[in-house]
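S.K.: Taken in sequence, the protein lines are chains A and B.
Residue 19 is where the first sequence starts when you use my numbering, and the numbers rise one by one after that.
Residue 89 is where the second sequence starts when you use my numbering, and the numbers rise one by one after that.
Derived by calculation from the structure, the hints in this document are not laboratory data.
Among the hints, a few may not be true.
Calculated lysine-lysine pairs in the DSSO-like style (CA-CA distance at most 30 Å, straight line) [to be verified]:
1) A:Lys238 to B:Lys541
2) A:Lys190 to B:Lys661
3) A:Lys93 to B:Lys602
4) B:Lys602 to A:Lys74
Now the stretches of chain A that chain B is said to cover, found in silico as 3 or more residues with beta-carbon under 8 Å [what the hints assert, rightly or not]:
5) 77-86
6) 98-106
Keep in mind that this is a model prediction, so the values were computed, not measured.
Quick reminder that beta carbons are idealized off the backbone N, C-alpha and C, glycines included.
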Amino acid sequence: MSKGSILITNIQRMCFHDGPGIRTTVFLKGCNLHCPWCANPENISVLPQNYERNGKRGTYGREYSDSELLEEILKDRNFFGEEGGVTFSGGEPLLQIERLRSVLTTLHQRGISIAMETALQIPYQAWKDQADDIDHYLIDLKILKKDICNMIIGGDADCYRANVRFLHEKGKDMIFRIPLNHEYTLKEDNLCLIEEFLEEYKDVPVEIFATHMLGNEKYKSLGLEEPVWEKVTDTVLDQIKERFEKRGIRAKIARI
Amino acid sequence: MIAGLRNTSEDFMENGLMRPYTEVFSLICRKIRISDSENKRFFYFIDTDYVMDTTRGYRYENLTPAYDKVLNNGLMELKYSDPSSEFCRGYNTVCDELGGLAQRIADTIRQRDRSDVRVSWFEALIEKPAEHFCEAIQRMLFINQMFWQTDHRLVGLGAWDTFLWPYYEKDMKTGILSRCEALKVLEDLFRVLHENYRYKSNVLMGDTGQIFVLGRSDENGGYVCNELTYLFIEAMKNVHQPDPKCLLRINKNTPDDLIGLSLDSIATGIGAPLFANDDVILPCLTGFGIPIEDAVEYTTSACWEPLIGGKSSSNNNRTPLNYMRALDNLFKREKLDRITDFNALVDTYLVYLSRNLRAVKTVLRNHVFQNDILLSVFTYGCFESEKDVSQGGALYGELGITSVAMGNLLDALFNIKKFVFEEHRFSLYDIKKMIMSDFAGNEDVLDELREEKGHYGTDDEEVISLTQRIMDHVSAELAEYKKMCGQRIKTGLSGAAYMDSARGFSASFDGRKKGEPFTVHISNEDNDSFTEVVNYAAGLHYENNQFNGNVIDLMMSPDQIISNREKMVQFIKGSIRAGFFEMQMNVVSSKTLIEARKDPEKFPNLIVRVWGFSAYFKDLPEEYQEVLIRRALENERKAS
Ligand code: SF4
Chain A
19 MSKGSILITN
29 IQRMCFHDGP
39 GIRTTVFLKG
49 CNLHCPWCAN
59 PENISVLPQN
69 YERNGKRGTY
79 GREYSDSELL
89 EEILKDRNFF
99 GEEGGVTFSG
109 GEPLLQIERL
119 RSVLTTLHQR
129 GISIAMETAL
139 QIPYQAWKDQ
149 ADDIDHYLID
159 LKILKKDICN
169 MIIGGDADCY
179 RANVRFLHEK
189 GKDMIFRIPL
199 NHEYTLKEDN
209 LCLIEEFLEE
219 YKDVPVEIFA
229 THMLGNEKYK
239 SLGLEEPVWE
249 KVTDTVLDQI
259 KERFEKRGIR
269 AKIARI
Chain B
89 MIAGLRNTSE
99 DFMENGLMRP
109 YTEVFSLICR
119 KIRISDSENK
129 RFFYFIDTDY
139 VMDTTRGYRY
149 ENLTPAYDKV
159 LNNGLMELKY
169 SDPSSEFCRG
179 YNTVCDELGG
189 LAQRIADTIR
199 QRDRSDVRVS
209 WFEALIEKPA
219 EHFCEAIQRM
229 LFINQMFWQT
239 DHRLVGLGAW
249 DTFLWPYYEK
259 DMKTGILSRC
269 EALKVLEDLF
279 RVLHENYRYK
289 SNVLMGDTGQ
299 IFVLGRSDEN
309 GGYVCNELTY
319 LFIEAMKNVH
329 QPDPKCLLRI
339 NKNTPDDLIG
349 LSLDSIATGI
359 GAPLFANDDV
369 ILPCLTGFGI
379 PIEDAVEYTT
389 SACWEPLIGG
399 KSSSNNNRTP
409 LNYMRALDNL
419 FKREKLDRIT
429 DFNALVDTYL
439 VYLSRNLRAV
449 KTVLRNHVFQ
459 NDILLSVFTY
469 GCFESEKDVS
479 QGGALYGELG
489 ITSVAMGNLL
499 DALFNIKKFV
509 FEEHRFSLYD
519 IKKMIMSDFA
529 GNEDVLDELR
539 EEKGHYGTDD
549 EEVISLTQRI
559 MDHVSAELAE
569 YKKMCGQRIK
579 TGLSGAAYMD
589 SARGFSASFD
599 GRKKGEPFTV
609 HISNEDNDSF
619 TEVVNYAAGL
629 HYENNQFNGN
639 VIDLMMSPDQ
649 IISNREKMVQ
659 FIKGSIRAGF
669 FEMQMNVVSS
679 KTLIEARKDP
689 EKFPNLIVRV
699 WGFSAYFKDL
709 PEEYQEVLIR
719 RALENERKAS
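Turn these sequences into a full structure, and let the hints steer you where they fit.
M.R.: Structure follows, in structure tokens:
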């Protein structure tokens, strides 16, 4: 891959749910985790992938040069206003932070707000140089038990905790997002760990949402088995919100 | 009664000939049946059995009279003190007859109830300026009803928030009026104007042209609005009728809460207010030679075409230009093997377009307008010049054409570019065959074309520049018209004829079968985001004579607005910064529409937007219902 080529599966404009204001969300391909409930399975592999959907073939992933990506993002600059901007999502956007370096710097210099939607399980030493260019961190909060985290999603809970601390100490704007499913994240011991963890970061807002199956068509298109989830009802979401609030954790339900 | 039906009287004829204007006008004022409105706050009526016959020539319509003339003056004060010409004498007769009718109305009300405050309103109207808020509204309603009575159609309302402001302020100060009471008054105003809904409807039910144009810029780009600007929108939202509607003029200094209130109103489904972006429109008007002090007073012709309210007799909707016609003719008449690349195709298209425009210009040249003294009384410039509007008395008067099918044209051109000149899959002859045969035997190609993403309304540089090239060509050709007729002619990308012009029209290579409707205004249901179509519209320039209505038409579900209200405010503000011209939102869910088509009884009040107006869904012909359902479905795919 030539320098400066950024692997992207999709660029979605006028997004209302990926950070403050109106945003353009860039979905970067490649993830270091493999959450069983992932809604973007096409963003896990770090290589382009062919797919077939309703008889149509195509490829997930296309390389953008810096200028192409900038041009696409800047198309909606008039709509960003003071709050909006660009959100890098994925996949794990931090995986491509090196390749994004010049794009991030340019956007930052032009005063365009940058958000990262990240699982935050890549050691901060690898991305700390860019950390200040990024204005908002939308951080997944999934499984905190060390062995389970590693076993189920291939993650590193210690690294995660260290990264969160790093950003918090820097005073960065953060929000935690917790995908809830009965099979993993809603397990009682995990919930307790999450509560304890959140108590350390009471100033950080929390968003909870039910794991959904909106990505299932994509599993099919890749020839993968579609995951099936026990439904997380609104009542459960309400209960969790209440439970968090009792401990002084500000939680909002995001209904998808 | 079907939409638009009116009856004239034998009285207006003498020996088989139409009596002169003033005689007919006098008969009307003396003989129309006087009846109170259903809503008793204001006295308002139209005697549909005694309507002026306007078949003597072309009739003025789509205009906004100068209602404000009767606020600072009584009717008698409008007259010439020394009428020297026939025009001046006719002008005075019209004022006198209006005064006579006002007296008849006052007498009628008095007979029913001596203490009715409206008696004094009508009596004062004859000789004195207005004093109070409700009285001022009653005066403007009286003038408005007379325009309908004399068979004007699509009678605009204009800047009533500006006109009424001094009276509102004064009554508030003296404690005669409260904000809450004023809201009730305005709700009644909307109800009264809606009462003759069928009579006022033009081609389709709901197409009445009754539009309040609210808010405005000052000469330095500041934003001017007042409490009434808000109250008009609130009243419209509360009354929840398809008509009358409001257009809100906005600029980059418009307060967020006014945009927010507008969105709340739009989200109820009434689809109004419409938005017009002063930051783009005003430079077009001044560039056209209209001084800024008049330009800031612009209203619109029924829906979209800007004109200077009360000062203009512009005929902005004379005829539609069908952009697809020239491409269709090209395929039918041109030696196709001469066209060897895309550029040559576009060049040849423009040659055919010029021929079409010649036909349009000939149609326009043959339009002779009848004299219209009532309109002359209520149009600035006529009194001063002592000339009827039909003689060019108004301060401003141009012609305008609308357009259809720019979207179909662009999509067809880009499809041809790809299939013929890039992929070499077909020759132009193959395409001709497909168009002529309505894709018979080529259904697979038709499907493929329908799958193609629309180009029109995307912010791709190539699409924008091709659109501009075609627009500029039309603009230059129309500029020539002035030499022929002395009148300037304007054009724009909005038009109501997307259904009518498409009826029986051959298939086209954008994936449209014969007779299927053309695209609506500036729209693109294939877009992944609304910002794309806004950027497209903002990327075009509308100077010279190209500002005759250029509206983006967005289809949204109510939920998209309600659950994202603050972000939608940001979207509108972003659209202003980007530089859109005009915008309307059709807010409806496909589910509701489909149910309403099945079971109209269940949704008697479901309102939708059609071209520039709102209407009850149940009143629409089936083909319009179909288009709305299709567009709603496509939009919801975008939101999911
Ligand atoms: S971190 Fe996100 S993208 Fe990566 S596997 Fe998990 S859910 Fe999918």
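S.K.: Now look at each hint and say whether the structure bears it out.
M.R.: Hints, one by one, checked against the model:
1. A:Lys238 to B:Lys541: holds (24 Å)
2. A:Lys190 to B:Lys661: holds (28 Å)
3. A:Lys93 to B:Lys602: violated (36 Å)
4. B:Lys602 to A:Lys74: The given pair, whose Cα atoms are some 28 Å apart, holds under the 30 Å limit.
5. 77-86: violated (count 0)
6. 98-106: Contact hint for the region 98-106 of chain A vs chain B: holds, 4 residues under 8 Å.
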